[in-house]
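Trainee: Chains E and F supply the protein sequences, listed in that same order. Counting in this note's numbering, the first sequence runs from 323 upward without gaps. Counting in this note's numbering, the second sequence runs from 39 upward without gaps.
There may be inaccurate statements among the hints.
[Unchecked claim] Interface residues of chain E toward chain F, partial, derived using beta-carbon atoms under 10 Å:
#1 Ser576
#2 Ala599
#3 Gln685
#4 Ile687
#5 Thr700
#6 Arg701
#7 Leu810
#8 Ala812
[Said to hold, decoys possible] Where chain F lies over chain E, by a calculated footprint (3+ residues, C-beta under 8 Å):
#9 552-566
#10 604-615
#11 802-808
Treat the hints as calculated values from the structure; they're not laboratory data. Ideal Cβ placement from N, Cα and C applies to all residues, glycine included.
What follows is each chain in one-letter form.
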Amino acid sequence: MSATSIPSAAIGVVRFPAGLGAVCPKPDGALQWPPTQLTYLEIYLRSLGCATIVVETHYVDRDFVDDFARYYARALRSYPNFTTRLHFFNESFTEDAWRAMIAASADGQRDARTGWLQDRYLGFCVVRPLPASPIGRTVLRAPGSRSDGGHERVFGGAREYSVHLCGLDLKVVGLAFQQQDQGVSACATTALWSALQCVASAERLHMPTPGEITDAASRYVLTDGRSMPSEGLRVEQICEATRAAGLAPLVVRSVSPEQDRVQLMSYVRSRFAPVLALSVGGIGHAVCCVGLKLGDIRPQTNPSLHFRDAASRVEGLYIHDDRLGPYASAELFSDTRPGPGNVRTSLMIRWPDNVESEQAILQSIIVPLPPKVRLSVTRMRALGLPIAEVAAALDEIRGPVTLDVRYERAVQYKQRAYEFCLSAEGLYQLLCELPLSRYVGLIEISSPAGPLFDVVLDTTDSGANPCALAVVRRAQLPAAALPQLEALTAIFGSRRIV
Amino acid sequence: MRESDHDTGRGSEDIGPVPKPAAPTAPVSPEPVTPNEAARMRQLFEQARQRVKPLIKREGEAEVLTDDVLNFRLSRM
Chain E
323 MSATSIPSAA
333 IGVVRFPAGL
343 GAVCPKPDGA
353 LQWPPTQLTY
363 LEIYLRSLGC
373 ATIVVETHYV
383 DRDFVDDFAR
393 YYARALRSYP
403 NFTTRLHFFN
413 ESFTEDAWRA
423 MIAASADGQR
433 DARTGWLQDR
443 YLGFCVVRPL
453 PASPIGRTVL
463 RAPGSRSDGG
473 HERVFGGARE
483 YSVHLCGLDL
493 KVVGLAFQQQ
503 DQGVSACATT
513 ALWSALQCVA
523 SAERLHMPTP
533 GEITDAASRY
543 VLTDGRSMPS
553 EGLRVEQICE
563 ATRAAGLAPL
573 VVRSVSPEQD
583 RVQLMSYVRS
593 RFAPVLALSV
603 GGIGHAVCCV
613 GLKLGDIRPQ
623 TNPSLHFRDA
633 ASRVEGLYIH
643 DDRLGPYASA
653 ELFSDTRPGP
663 GNVRTSLMIR
673 WPDNVESEQA
683 ILQSIIVPLP
693 PKVRLSVTRM
703 RALGLPIAEV
713 AAALDEIRGP
723 VTLDVRYERA
733 VQYKQRAYEF
743 CLSAEGLYQL
753 LCELPLSRYV
763 GLIEISSPAG
773 PLFDVVLDTT
783 DSGANPCALA
793 VVRRAQLPAA
803 ALPQLEALTA
813 IFGSRRIV
Chain F
39 MRESDHDTGR
49 GSEDIGPVPK
59 PAAPTAPVSP
69 EPVTPNEAAR
79 MRQLFEQARQ
89 RVKPLIKREG
99 EAEVLTDDVL
109 NFRLSRM
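Chain F extracted, bound-state conformation:
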């Protein structure tokens, strides 16, 4: 059993001295997002998803393993 087998991100590890918080400079959004803006963003995201689909497929091929990958022998002296 490991010493800090946890999943909460606030476990038993020694995180050392806590640094001073930086002054908050970012204002919180004053207005909630409008329905129009939400719809536009959903559309933009969907269009982007379609554009990157071929790239995602190509990148996914890297995790498709074949026998020749797993049986590759590493024996250089």
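With the rest of the complex left out, here is chain E:
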């Protein structure tokens, strides 16, 4: 092939049991092979039951080609501007079977064949032509909704991706991951890139490439002298890159394990994927939090309070750690340090095969929020805490009361409202007469039997002004408690919807 000819493309089908080594051979000049991320991916794919890899040998990846244009095109070495993309399936099939599927798809069976592939599709991985950092944009199916230990898993940071393979349309639900290349991106770049994948898509914003993030981060704050090769970002640079993407960075300092659980629970369940600033052996590291591992609600530890906190369910996190891979499991625990009251939030990051990796201390949480979401979780809880205390004190409500605070898009809240068992009048008020902000804040008060009532908040205000739009009765609130609900509504000057 001459240097200017149209490149050739081919599709190959490889059985997975041979591992990723068969499709990712050691490149010339690679000092360490396979890289940790490739080994991690192999272990993770085995846990998903991967049986077959379909290989696209010539794939132009939007993120890599931008990195190429910004950085690699001007290197002495001739890096290709294209990648290889691997598609993973949990069913074994041969290249002959693949060819037969393509032929049958042209014979009126396209939907049936696409459906068959879709049911078995685990996601894809872009392999870059970079010897030291081959793992590019990778979207894999998140782990199942229950862990082996019976814990609930919630992947609030995941979203749906459309994948086009040989004219067939497939989908995968997950969050994109990629490895830092230390040229265009460092750990903070890739963590923010993953975090923005989630919220920028929901807000229909431009999805920045790693190169765009690094450029935006160093536009006004450049304390390290040069932006590329990237040697890391400061938290304020992450904020700058977030603003450049059209979002508002909310930085929350790690104060205590209890409060960190509250922040993580609220933001991840609200479908945001925060960047976590960690300290690993004194060196700063950034990961993206994709999901939560939830256990049972724990009893209240503060003897002067009477409600339970839904955030006490958080036992662990699922993170995109660019030194490992996607959905790495991290246990949360309290780390007592010298000094009075010095208890820090620690993460023990584990591999899929449960071999312990390393311990990290949480420093801060950076949440890229839509700019009009001005009411923070902390401010919502300032209203929610006394409400939960009041609810816990009412004789009309049986059993322990639980407080849960989160955001929800108004469209989704209204869709859910059909299941609230409201009166016809109440349902009509909520759906047709109550203006809601695009994202509503929800203070959900529940009993063990289920939700009792919601306080619906306008998130476009900061909380300095009254922001309770309505108090909405939920199915488990006894009729005897309706007068108290009405009195509570009057305190906030909001609407009562029953």
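Since chain E is already given, all that's left is putting chain F on it; use the hints.
Mentor: Positioned in the frame of chain E, the structure of chain F alone reads:
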């Protein structure tokens, strides 16, 4: 400009098929709240607000940012 830059909660997004409404099972409160009950609830709320004040203050500290938080460098290879 985003496609659905709205604040009403009933904008241009495709919300898909509208589900059937569940049968209303919750009776609306027959009686308005009495002045005594309203006063009792106001008092309960005020007492609760006092009880949670220290917790609100502690939680608020998380949003007070310092230079060391913003300048923290994330550079792990």
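Trainee: Go through the numbered hints given earlier and state which of them the structure violates, listing their numbers in rising order.
Mentor: Of the numbered hints, all hold.
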